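J.: Top to bottom, those sequences are chains A and B. In case it helps, UniProt numbering puts the first sequence at residues 1 to 379. In case it helps, UniProt numbering puts the second sequence at residues 1 to 394.
For the record, the hints were derived by calculation from the structure and aren't laboratory data. You can trust all of the hints, since none of them are fake.
Straight-line distance between alpha carbons at most 25 angstroms, and here's what the computed PhoX-like set of lysine-lysine pairs gives:
(1) Lys386/B <-> Lys265/A
(2) Lys268/A <-> Lys386/B
(3) Lys109/A <-> Lys144/A
(4) Lys81/B <-> Lys311/A
Every value quoted in this text rests on a predicted model; they were computed, and no experiment measured them.
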Amino acid sequence: MPLYYDDDQTMLADTAGQFMAEEGSIKNQLRHWRDRQCKDGFGHALWQQFAEMGFTGMLVDEDDGGLGMGQVEANIVLEEIGRNLTPSPFLSSSVLAATALKHGSNDVKGRWLPDLISGEKVYGVAIDEGRKHRPETIACKAQKSGNGFKLSGKKDFVVYGASAEMIVVAARTSGSDSDVDGVTLFAVPQDAAGMSHDSVRLVDSSMASHVTFDGVELDGDAVIGEVDGGREVLDAMLVAGRVGAASEGVGVARGAMDMTVDYLKQRKQFGRVIGEFQALQHRAAHLYSEVEIARAVTIKAAQLLDGGSEKADLMASVAKAKVAKVAGLAVREGVQMHGGIGMTDEYDIGLYMKRDRALQEFLGDQYYHAGRVAEMSGY
Amino acid sequence: MSNSDLEAFRAETRAWLEANCPPEMRQPVRDEEDVYWGGRNATFKSEAQKAWFEAARDKGYTVPAWPKEYGGAGLSPAQAKVLREEMAAIGARPPLSSFGIWMLGPALLHFGTEGQKQRFLNEIARGEIRWCQGYSEPGSGSDLVSLQTFGEDKGDHWVVNGQKIWTSYADKADWIFCLVRTDKEDKYRGITFMLYDMASEGVSTKPILLISGNSPFCETFFDDVSVPKSYGEDVPAYVGEINRGWDVAKYLLGHEREMISGADGGNTGTIGAALTRANGEVDPVLRAELAQFDVDALAYGAMGEKFLDEIKVGKAHPAQPNMMKYAGTELNKRRHELMMAAGGSHALEWESEETSGGKPSRNWLRTKANSIEGGTSEVMLNVISKRILDLPGA
Ligand SMILES: Cc1cc2nc3c(=O)[nH]c(=O)nc-3n(C[C@H](O)[C@H](O)[C@H](O)COP(=O)(O)OP(=O)(O)OC[C@H]3O[C@@H](n4cnc5c(N)ncnc54)[C@H](O)[C@@H]3O)c2cc1C
Ligand SMILES: Cc1cc2nc3c(=O)[nH]c(=O)nc-3n(C[C@H](O)[C@H](O)[C@H](O)COP(=O)(O)OP(=O)(O)OC[C@H]3O[C@@H](n4cnc5c(N)ncnc54)[C@H](O)[C@@H]3O)c2cc1C
Numbered sequence: 001m002p003l004y005y006d007d008d009q010t011m012l013a014d015t016a017g018q019f020m021a022e023e024g025s026i027k028n029q030l031r032h033w034r035d036r037q038c039k040d041g042f043g044h045a046l047w048q049q050f051a052e053m054g055f056t057g058m059l060v061d062e063d064d065g066g067l068g069m070g071q072v073e074a075n076i077v078l079e080e081i082g083r084n085l086t087p088s089p090f091l092s093s094s095v096l097a098a099t100a101l102k103h104g105s106n107d108v109k110g111r112w113l114p115d116l117i118s119g120e121k122v123y124g125v126a127i128d129e130g131r132k133h134r135p136e137t138i139a140c141k142a143q144k145s146g147n148g149f150k151l152s153g154k155k156d157f158v159v160y161g162a163s164a165e166m167i168v169v170a171a172r173t174s175g176s177d178s179d180v181d182g183v184t185l186f187a188v189p190q191d192a193a194g195m196s197h198d199s200v201r202l203v204d205s206s207m208a209s210h211v212t213f214d215g216v217e218l219d220g221d222a223v224i225g226e227v228d229g230g231r232e233v234l235d236a237m238l239v240a241g242r243v244g245a246a247s248e249g250v251g252v253a254r255g256a257m258d259m260t261v262d263y264l265k266q267r268k269q270f271g272r273v274i275g276e277f278q279a280l281q282h283r284a285a286h287l288y289s290e291v292e293i294a295r296a297v298t299i300k301a302a303q304l305l306d307g308g309s310e311k312a313d314l315m316a317s318v319a320k321a322k323v324a325k326v327a328g329l330a331v332r333e334g335v336q337m338h339g340g341i342g343m344t345d346e347y348d349i350g351l352y353m354k355r356d357r358a359l360q361e362f363l364g365d366q367y368y369h370a371g372r373v374a375e376m377s378g379y
Numbered sequence: 001m002s003n004s005d006l007e008a009f010r011a012e013t014r015a016w017l018e019a020n021c022p023p024e025m026r027q028p029v030r031d032e033e034d035v036y037w038g039g040r041n042a043t044f045k046s047e048a049q050k051a052w053f054e055a056a057r058d059k060g061y062t063v064p065a066w067p068k069e070y071g072g073a074g075l076s077p078a079q080a081k082v083l084r085e086e087m088a089a090i091g092a093r094p095p096l097s098s099f100g101i102w103m104l105g106p107a108l109l110h111f112g113t114e115g116q117k118q119r120f121l122n123e124i125a126r127g128e129i130r131w132c133q134g135y136s137e138p139g140s141g142s143d144l145v146s147l148q149t150f151g152e153d154k155g156d157h158w159v160v161n162g163q164k165i166w167t168s169y170a171d172k173a174d175w176i177f178c179l180v181r182t183d184k185e186d187k188y189r190g191i192t193f194m195l196y197d198m199a200s201e202g203v204s205t206k207p208i209l210l211i212s213g214n215s216p217f218c219e220t221f222f223d224d225v226s227v228p229k230s231y232g233e234d235v236p237a238y239v240g241e242i243n244r245g246w247d248v249a250k251y252l253l254g255h256e257r258e259m260i261s262g263a264d265g266g267n268t269g270t271i272g273a274a275l276t277r278a279n280g281e282v283d284p285v286l287r288a289e290l291a292q293f294d295v296d297a298l299a300y301g302a303m304g305e306k307f308l309d310e311i312k313v314g315k316a317h318p319a320q321p322n323m324m325k326y327a328g329t330e331l332n333k334r335r336h337e338l339m340m341a342a343g344g345s346h347a348l349e350w351e352s353e354e355t356s357g358g359k360p361s362r363n364w365l366r367t368k369a370n371s372i373e374g375g376t377s378e379v380m381l382n383v384i385s386k387r388i389l390d391l392p393g394a
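Bound conformation, chain A alone:
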């Protein structure tokens, strides 16, 4: 497959780009909800529009009522989300949870997918159990109890957790914390007794929860996939999420870069536009090169994932690591080249910096993923 978009994908990029720039713009969404201290951190009306555009269920198989599209398509939407800093549960609900649910029984799918597709409900995922992303270790426990399970433990960084009507939880059903096997995924409904949320606003104004499970009773049909065999589903979900997060990061980088290059063409100092200064030109050109490379490897990773390639896992980590590095560069250069006004809340460039910081942590930062690349390469 060539590494550029085909006609349908180009059309999707145009549609999603226009939609995000108009309906999902920083002014209409991020600033709007932030300034109102919105408890959800995103707008439900916009989410309904996502559904009308066909985005919410794009990764769900056609047999299950979705559009049966691939990661490349989901990434196209995510890149536009990133460029416009559009707050939405797309990544957690439509990519991560949807990927997990793909592996569910027909009952599980029947119960959860229709509302995901219609945009009626949004879902979250609970993986991390600490400050850093370490999915190799799962300590949160689900013990057999009658026909079902009893879930105890704590999860952190559950994005939009308080707004999620269901959370996909990775828990340990056997073995010790760092075992590969013995993990099971559960669909835990919002109203489950014994589950509590400590929802906090993050630096980028999005919401995330610390979730505590205190003997939460779950039916056997809450299981997604196989009991004790959840690692495979978890990995599939993580790869999709990482490639998706990389694409959103590319969008953030591009958004910040475009804004900065525009500014360089307008701002005058010393009697000329600052874009004439070579010191700034070279840094902008370097940034451009890096963003292009980050974008290329993200598209590559998405294609490999869609093609079922065994290299997808490696490339997903390469993409996540590369994008984190590059988006970080883009936002730092962005703020610096805006000079003093880049430090003001009134200007959007700082919002990119904040979103980038949150996105870097989500599903593993550049150090974590570079480390994975080394391990997968055998050193």
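Given chain A, work out where chain B with the ligands should sit, using these hints.
T.: The following block gives chain B with the ligands in isolation, referenced to the frame of chain A:
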């Protein structure tokens, strides 16, 4: 071409490579001698090198994408990609390397007359004539259009006087493609792109020793060199039009940059695993740097693939080769820095059997030219700023 045709081509190609590419030619290129450059006085380093070159030449695989009538195999872009992939899969060396293939060839395909194509492209494809590039002058490097070498019009020929510098392999080359000023009034529209024999009277070369201890570069002097305007019917001695050589020069530079960038697979390899295997345990901080490098190398590999895919269908920005050149050469320099670091004192050996005469350190030093030759990194960044980002000129 349908997918099944392409798969058939792949199977065919694989079988052909299996039968024709000797195992010795599937080893990584370690230095210049592992590369066959062709030319009048060329010698082969081994029987395997000769066999591989001849098989590839007969099949048109020295220049697979060129039309058959010019010595190529006439492969479609998709087929050429398959061939590249299959060669990469077995680690096959390029059968022939030459400035004719990378630089002059593309310019002739674009600007040449039919007569020039028939003659020169075939010679290049068959590795018969080795070319060198006469662009830079002592006073004209990054600011190439300021060049002074002058060709005085004498009716049916020019008399060329001047000096070039950094002419790679000028002492080994048979012919030169050379930028010569033919009109002193117009900076851009006064340059002619000439082709002539290095054996012509008045051409002399003097080697320049590089920091790597090697000397593939020359100062090249032209002292009343007589260059005919034509080598026969429809074979002018210049490419494009007289005084319009700058367009040809720029077009060629695009291809040169693409080549130096290593977009075509040269810069994509990871090094962490091989270096830790070869040198044993490395410091954790170095390991981290290696991992970061591998991330960048793999990402750049994807960029190279994307770039080549886009070039084929005309989707790439025309200034994109500058970006590839910049990123690829900076990456390659970093690669060799890390190789030196992992190699430790062993890599410092300048003359020893074990290092095949100091290969690691000499290669490391050689790569420093990557971000200079074919246009410096700073010049690449200038081009990106102005032509892609549309930032104003100073
Ligand atoms: C938190 C904060 C507190 C401050 N406190 C004070 C204060 O108490 N009193 C006060 O008077 N001021 C204060 N300032 C203002 C500060 O001094 C200016 O922001 C600073 O001098 C930069 O000017 P500028 O913001 O107009 O940026 P600009 O001059 O517009 O610069 C924009 C970008 O262009 C670059 N640039 C500009 N000219 C060139 C050039 N010739 N070559 C290369 N690059 C160039 C800059 O480095 C920058 O990256 C404060 C600023 C901040 C952010
Ligand atoms: C190994 C090697 C092989 C080569 N092979 C050939 C060959 O076969 N044929 C041939 O014709 N030439 C060849 N060259 C020459 C090469 O193209 C030039 O060296 C190159 O274009 C730079 O020119 P210069 O050396 O004169 O450096 P200069 O132009 O003098 O540059 C000096 C420094 O100033 C910087 N600089 C210059 N202008 C600007 C600007 N506008 N903005 C910012 N920075 C600037 C440069 O980036 C550089 O860092 C080769 C060079 C090397 C090193």
